[in-house]
Amino acid sequence: MTSGWLETYRGVVYRWEVDHNDHLTVAYYFARLEDAGRLLLDALGGGRAAAGTGQGWVTVDCYARYRRELRVGDVMHVTSGVVAVEPEALVLGHRLVDSGDGELCTTFEQRVRRVGLDDHAPLPLPAATRQAAEARRVAWDGPPRERRPRPRGLDGFAPAARDVVGPADVNVEGTAGLAAYIHRFSAANGHALARLGLTPAYHRDARRGFSTFEFQCTFTGPLRAGTAVGVHSGLLHVGTSSMRVFHVMQEEGTGRRLATLDQLGVHLDMDARRPTPLPDDLRARAKALLAPTDP
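Using the working numbering, the first residue of the sequence shown is number 4, and each one after it goes up by one.
None of these hints come from the bench; they were simulated from the model.
Positions of the beta carbon are idealized from the N, C-alpha and C atoms, including for glycine.
Warning: the hint list may mix true and false statements.
Claimed, not checked - Simulated DEER-style distance windows between Cβ atoms:
no.	residue 1	residue 2	range
1	V175	T221	18 to 24 Å
2	D45	G103	24 to 30 Å
3	P170	R148	18 to 24 Å
4	H194	Y17	36 to 42 Å
5	A171	A204	47 to 53 Å
6	G177	A287	45 to 51 Å
7	G258	H194	34 to 40 Å
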């Protein structure tokens, strides 16, 4: 039987990929994730081998847990395997490791589905791909996904990002790559935090940041070059140092939902590189802005 785990990426954190928190920007994790997923699908015979068929793979959802930060110059690699074979989808598992000391930094679960590239209608998994995926099954030890209350529509949400998808955002399937979604969600998070008083000026003066430790993403519509998109964001939870921000991406004009991101992070002491309590006045302001959720 083929060994389950496959190395699917090896690289370095470049200085231009580091954000204002002095660590690797989350969108660039997703760029590596997309590369890793493609190479794993290639190994299953369902990637480049299907070129010219009018079919391809799309990511339906992702679950990322950030265990340890990566900083400029850090070297890393990703190993990948198949976590589950579903009737119309595969669940891929990726482990991003610091190559310098072998420590696990991030785990990703990525659900991918075979679709027609014109209409993105789901297609059945080819028998050969299913067989190859079973041979790549791995014992997945990533943390379980926690199910949390969902927002009640967009009550309590505010506009947080708006722009147009450009050609540089688009991948080989003709739709936006994962990093294009996450860059926009990151911009939206900056606006969402500013509503609470966590402005860029506050972060600079107080030497504080916002460090994400979990993403749960869904991708519900293709994002193509020329599409005008907007993100609305709302705060769903505030703790001593932690916050939960929910982002909804829609097509401008039609309101068609394109993606969501459930983001959890902490108020970060930039010097100690550890979570630190929110100031009382900012916590009170944040609680006053909490959006309603369903049970």
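For the hint 34 to 40 Å, verify it against the beta carbon of G258 and that of H194. violated (19 Å)
Does 18 to 24 Å hold as the CB distance between P170 and R148, or does it fail? violated (34 Å)
Taking 36 to 42 Å as the hint, is the beta-carbon distance of H194 and Y17 inside that range? Taking Cβ atoms as reference, H194 and Y17 lie about 26 Å apart, which means the hint is violated.
Quick check on a hinted range of 45 to 51 Å for G177 and A287, using CB atoms only. Roughly 47 Å apart at Cβ, these two residues keep to the hinted range, so it holds.
Would you say the C-beta atoms of D45 and G103 sit inside 24 to 30 Å of each other? holds (27 Å)
Taking the CB of A171 and the CB of A204, does the distance hold inside 47 to 53 Å? 30 Å Cβ-Cβ, so the 47 to 53 Å window is violated.
Could you tell me whether the CB distance from V175 to T221 stays inside 18 to 24 Å? Holds, at about 22 Å.
Figure legend: structure checked against the earlier numbered hints; hints not met, in rising order: 3, 4, 5 and 7.
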